Structure formats: C-alpha cells, structure tokens
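Q: Take these sequences, add in the hints, and give me the full structure.
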Amino acid sequence: MSRFIVLKTVLATLCFLISNLVLANSFATPEEAVNSYITGVKTGSGKHVLAAFSESASIQYYDEEGKFNDYTRDAFAKLVDTGNQWNAKIQITDMKRTNKAANATVEFTWGENGKKGYVDYLNLIHNGESWQISDKVAHFIER
Numbered sequence: 048m049s050r051f052i053v054l055k056t057v058l059a060t061l062c063f064l065i066s067n068l069v070l071a072n073s074f075a076t077p078e079e080a081v082n083s084y085i086t087g088v089k090t091g092s093g094k095h096v097l098a099a100f101s102e103s104a105s106i107q108y109y110d111e112e113g114k115f116n117d118y119t120r121d122a123f124a125k126l127v128d129t130g131n132q133w134n135a136k137i138q139i140t141d142m143k144r145t146n147k148a149a150n151a152t153v154e155f156t157w158g159e160n161g162k163k164g165y166v167d168y169l170n171l172i173h174n175g176e177s178w179q180i181s182d183k184v185a186h187f188i189e190r
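92 is the number that the numbering used here gives to position 45 of the sequence shown; each next residue is one higher, with no gaps.
The calculated EDC-like cross-link candidates involving lysine to aspartate or glutamate, where the alpha carbons are at most 16 Å apart (straight line), are:
1. K94 <-> D121
2. K136 <-> E189
3. K94 <-> D128
Keep in mind the hints are simulated off the structure, nothing from the lab.
Bear in mind the structure is a predicted one, so any value in this text is a computation, not a measurement.
A: Set out below in structure tokens:
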C-alpha cells in the first residue's frame with residue numbers, strides 16, 4: 048500500500064512539473080510572443096494569451112459597436128478561452144524593434160470580402176528572460 052502512495056505522489060509531482068514547463072514559455076523574439084497571442088485568439092486558447100502578455104499588461108480596444116473595452120491580462124485570457132476556432136486572416140503587418148523594446152501592428156480581417164477587422168498595436172519588452180506583450184490597444188474597422 049505504501050508503494051502505491053509513493054508511486055501516486057511521484058506521478059502527481061511529475062504531472063505538475065510537466066504542466067509548468069508547458070506553460071512557462073520563453074519567447075526569444077518579439078515575433079514569437081506576438082505569434083503566441085495570434086494562436087491564442089485564432090484557436091480560443093487563453094493559455095497562449097497568458098503566455099504572450101506580461102502579468103501587468105493592459106488590453107484596451109473599441110469593438111464593433113464602438114464600445115470601449117478595458118481588460119487585465121487574466122480577464123482578457125478568460126474572454127478568449129473559448130476553444131473556438133476563429134476564421135479570420137491574421138497577419139503581423141509591421142514590427143519595429145530597438146534593442147529590448149518593440150512594437151507590432153497586427154491586422155485581423157474577416158467577413159464578406161474581408162470588410163470587417165481589427166488593427167492591434169502591441170508594445171513588447173524583453174524582461175531579461177523573455178519577450179512579452181506589455182500592452183495592447185486596438186480598434187475595430189470596417190473596410
């Protein structure tokens with residue numbers, strides 16, 4: 048019986064360590080952090096959003112109805128975490144970098160003839176270990 052308890056404890060510890068390794072992303076470039084965000088939004092994965100944004104990040108945007116939205120990283124990750132695939136064209140259209148600071152523009156396009164979209168402006172910083180998005184501002188556009 049005690050061997051079973053030891054084995055169960057070892058397995059639980061290994062599962063915990065492996066899950067922490069999976070979630071502890073280290074992004075070597077600003078593009079990697081932005082791509083984690085894009086993957087999160089495209090696949091409905093809050094985990095990717097949590098990894099891409101710094102803990103203190105702010106996310107602010109105007110939506111399709113013209114409503115201003117203001118989220119913390121964790122609240123935004125919960126909003127995104129649906130598991131639903133989003134059939135939008137998403138691309139990084141601009142990336143500027145100065146040493147350990149960067150800015151990216153990401154454009155989202157969907158709907159009939161790609162008329163609907165968002166333009167995201169992302170600020171990124173290298174925190175000594177990894178690149179992360181420090182804030183996002185965005186606006187819905189109709190083309």
